[in-house]
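The hints should help you fit chain B with the ligands onto chain A, whose structure is shown.
Chains as they are written, first to last, in my numbering: chain A, 10 to 262; chain B, 6 to 329.
Selected chain B positions facing chain A (in silico; Cβ < 10 angstroms):
#1 Val72
#2 Gly98
#3 Pro101
#4 Leu104
#5 Thr106
#6 Phe118
#7 Lys164
If you anchor each label on the Cβ, the simulated ranges turn out as follows:
#8 A:Phe173 <-> B:Pro56: 33 to 39 angstroms
#9 A:Ala244 <-> B:Ser75: 28 to 34 angstroms
#10 B:Ser75 <-> A:Phe173: 31 to 37 angstroms
#11 B:Gly154 <-> A:Lys175: 28 to 34 angstroms
#12 A:Lys175 <-> B:Tyr210: 38 to 44 angstroms
#13 A:Phe254 <-> B:Lys245: 54 to 60 angstroms
#14 B:Arg91 <-> A:Ile142: 42 to 48 angstroms
#15 B:Glu169 <-> A:Ile153: 34 to 40 angstroms
#16 A:Phe254 <-> B:Trp142: 36 to 42 angstroms
Computed, partial: chain A to chain B, Cβ under 7 angstroms:
#17 Asn11
#18 Ile13
#19 Gly14
#20 Ala17
#21 Ser95
#22 Gly96
#23 Tyr99
#24 Ala103
#25 Gly257
#26 Arg261
Simulated from the structure, these hints should not be mistaken for lab results. Where is the CB? At the ideal position from N, CA and C, for every residue including glycine.
Listed below, chain by chain, are the residues.
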Amino acid sequence: MNLIGVRAIYTFEMARMFRTLAQSIISPVVTTCLYFVVFGAAIGGRIDQIEGVGYGAFIVPGLIMLLVLTQSTQNASFGIYFPKFSGTIYEVLAAPVSAFEVVTGYVGAAATKSVILGLLVLATATLFVDYQIAHPVFMLLFLILTAVTFSLLGFIVGIWADGFEKLGFVPTLVVLPLVFLGGTFYSIDMLPPVWQTVTLFNPVFYLVSAFRWSFFGTSDVSVGVSLTMITLFLAVALAVVAWIFRTGYRLRD
Amino acid sequence: MTPQHASTPGEASPPALSLRGLTKTYDTGFQALKSVDLDIQRGEIFALLGPNGAGKTTLISIVCGIVRASGGQVEVNGHDIVRDWRRARSLIGLVPQELSTDSFETVRDTVSFTRGLYGRRRNPAHIEHVLRSLSLWDKRDARIRTLSGGMRRRVLIAKALAHEPELLFLDEPTAGVDVELRREMWALVRELREQGVTVVLTTHYIEEAEEMADRVGVINHGEIILVERKDALMHKLGRKRLTLHLQTALAEVPASLAHLDLELADDGHQLIYTFDTQAERTGITRLLQDLSSAGIRFSDMHTEQSTLEEIFVDLVHGGQEPPP
Ligand SMILES: Nc1ncnc2c1ncn2[C@@H]1O[C@H](COP(=O)(O)OP(=O)(O)OP(=O)(O)O)[C@@H](O)[C@H]1O
Ligand SMILES: [Mg+2]
Numbered sequence: 010m011n012l013i014g015v016r017a018i019y020t021f022e023m024a025r026m027f028r029t030l031a032q033s034i035i036s037p038v039v040t041t042c043l044y045f046v047v048f049g050a051a052i053g054g055r056i057d058q059i060e061g062v063g064y065g066a067f068i069v070p071g072l073i074m075l076l077v078l079t080q081s082t083q084n085a086s087f088g089i090y091f092p093k094f095s096g097t098i099y100e101v102l103a104a105p106v107s108a109f110e111v112v113t114g115y116v117g118a119a120a121t122k123s124v125i126l127g128l129l130v131l132a133t134a135t136l137f138v139d140y141q142i143a144h145p146v147f148m149l150l151f152l153i154l155t156a157v158t159f160s161l162l163g164f165i166v167g168i169w170a171d172g173f174e175k176l177g178f179v180p181t182l183v184v185l186p187l188v189f190l191g192g193t194f195y196s197i198d199m200l201p202p203v204w205q206t207v208t209l210f211n212p213v214f215y216l217v218s219a220f221r222w223s224f225f226g227t228s229d230v231s232v233g234v235s236l237t238m239i240t241l242f243l244a245v246a247l248a249v250v251a252w253i254f255r256t257g258y259r260l261r262d
Numbered sequence: 006m007t008p009q010h011a012s013t014p015g016e017a018s019p020p021a022l023s024l025r026g027l028t029k030t031y032d033t034g035f036q037a038l039k040s041v042d043l044d045i046q047r048g049e050i051f052a053l054l055g056p057n058g059a060g061k062t063t064l065i066s067i068v069c070g071i072v073r074a075s076g077g078q079v080e081v082n083g084h085d086i087v088r089d090w091r092r093a094r095s096l097i098g099l100v101p102q103e104l105s106t107d108s109f110e111t112v113r114d115t116v117s118f119t120r121g122l123y124g125r126r127r128n129p130a131h132i133e134h135v136l137r138s139l140s141l142w143d144k145r146d147a148r149i150r151t152l153s154g155g156m157r158r159r160v161l162i163a164k165a166l167a168h169e170p171e172l173l174f175l176d177e178p179t180a181g182v183d184v185e186l187r188r189e190m191w192a193l194v195r196e197l198r199e200q201g202v203t204v205v206l207t208t209h210y211i212e213e214a215e216e217m218a219d220r221v222g223v224i225n226h227g228e229i230i231l232v233e234r235k236d237a238l239m240h241k242l243g244r245k246r247l248t249l250h251l252q253t254a255l256a257e258v259p260a261s262l263a264h265l266d267l268e269l270a271d272d273g274h275q276l277i278y279t280f281d282t283q284a285e286r287t288g289i290t291r292l293l294q295d296l297s298s299a300g301i302r303f304s305d306m307h308t309e310q311s312t313l314e315e316i317f318v319d320l321v322h323g324g325q326e327p328p329p
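Here chain A stands alone, though its shape is the one from the complex (with noise of 0.2 angstroms):
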C-alpha cells in the first residue's frame, strides 16, 4: 500500500480546494443561505408544519444533500478530468500507485470537501431556522456515505468525460433534477400518488429520507430501506471504477 501516494493525491486536491476558497466554499453557502431565505422565510411562513416540524427546519436535511450531491459530483469529476485534459493524468498513470489508491486520494478529497461544506450549511441554517438533530451520529454517517458515493460518481464521470458539455451534463441535468424531485422541500405524501411511486424509483429520495430521519426521527420510508438503497449505489459505484481500471477505459490505451 503507497499511503505516501494517497496522501500525495489528497493533499494536492485539497490545496486546489483551499486555493479556490470563493468559488469552491463561499459560493456554495451564499447559494443556500439564498434557498433559506426564499424557500424557508418566504414561502415557507404560509406553509404549515409537515409531519410536525415547522418548513423552514423541514428542508435543512434536503438543502445539505442537494448541496452535497451536487458538490460531490462536480468536484470529484472535475478533480480527475482536469488531469486527463492538461495531460498530466500521465504521470498518476505512470506512478507507483494502484486503482484503489487513486480512487482513495481523488474521491476521498472530494467528499471531505463536501462534508466539510454539509456542515457548514448546518452551521449557517441555525441562522435562520432552530432544529434539533435527533441522531447525531447517524446524521454524520449518512452525510459520509452520500459524500462517498456521489463522489465516486462524479469520479466515473470524470473519466467518461471527453469535453466540458459532458463533465457539466451529469451534475446539473441529471444529478441536480433527482434532487429537486427526490423529496428535498416537500414530503412524497403531498403529492398525487402517481408520483410517490415514480419518486420511489429516484435513488437520492432514499437519502434525503434516511438524513431526513437522522434530524427529525420521521421519514417517508424506514431507514433500514434507506441504508440499503444507499449501500447498493455504493456497491455499483465501485464495481463501475474497478471496472474502468481493470480495462483501461479512457484512461490507458
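Same frame as chain A, but now just chain B with the ligands:
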C-alpha cells in the same frame, strides 16, 4: 543486431530494461510496435532514433505503464511491469514529450507531489538539489503557468528526478529548447550516469546522440532496425572519401597503386580514396606522391564524410545496411 553486453557494468545483474517480443496495436487497428526486442544495461545511456511516428513514444509509454502492451514482456531491473508493477514503476522516471504541466501549483509543490506519488518520504534537500541543478531554484515559488516553455521543460525534468529513479526516460527532451538548456541537460545526463542512472532518450538531433549516448538504436515503422555502440558508428563516421577528378580517364587502377584502397568512378574520370580520419596516418601524402610518380594528373579534388544523419536516413528510407 544483438545488443552488446561486453564491457558494460553489472553483467551479472539483470538489465535495466529488457523488452521481449513487445507489440502494440492501437484500438484504431494501427500496429505501432512489431515485436521489439531490446536490452539496455544498467548505467548505459541509450539513444533511440527514429522518424515521426516510428513508435518511440509508444515504446516508452508501455514501459512506464501509460499504454498497455498488446503482447510481449517488459522487465525493469528484472521486475516484470505487469506482475511486479509496483517495484518496476518505482524505479522509472519519465520526462514526456508533451509539455503537460500543472498550472496553478508552484514549482516546488509540483516536484514534491511527484516524489510523494512515488511513495518516497519528503526530502527537501534532494528537491533543492534537483531544482538547483536545473536552474529552477530561483523559481521555486513561482506558479508554473508563469514560466516559459523552456522552464516548464525543466520542471518536467525535475519532476522525473524527484523520486531518484534508476531508469530515466527522456522523450525528446530538447525539442524546442535553446542551446544553453540543451548543454545543461547534457551535463545533467552525464552527472546522472556518474550516479549509475540508466538513461534512455529519444531525439531527432543526431548531434545529441553523438554527444551523449553509449549506444544508439534506430526504430522505424515499429521495428528496431539497428542497435550499435556509438563508437562503432563513429568509426564508420570517421571514414572519409577523397575524390580526385582526373584529367584523363583511367581504364583501371594502375598496378603500382594497387596497395591502396582505391576505386574508379564516373567512367574512370574519378578516383576515390577511402581513409580513416582517426588513424595516425591518413596516407594522403603517400597517395599524392604515388600518383605523381605514376604520371596521373588531376584537375580537382574534394572530401566528404558520412554522418550519423546519413546513416540514419539511409537506414530509414533504404532499409539497407549502413554505408561503409
Ligand atoms: N492513441 C493512439 N491511437 C492510435 N494510434 C496512435 C495512438 N498513439 C500513437 N498512435 C500511432 O502510433 C504511431 C507511433 O506513434 P508514436 O507517438 O509512438 O511515434 P514517435 O516515434 O514517438 O513519433 P514522434 O517522433 O513524432 O514523437 C503513429 O503512427 C501514431 O499515429
Ligand atoms: Mg514521440
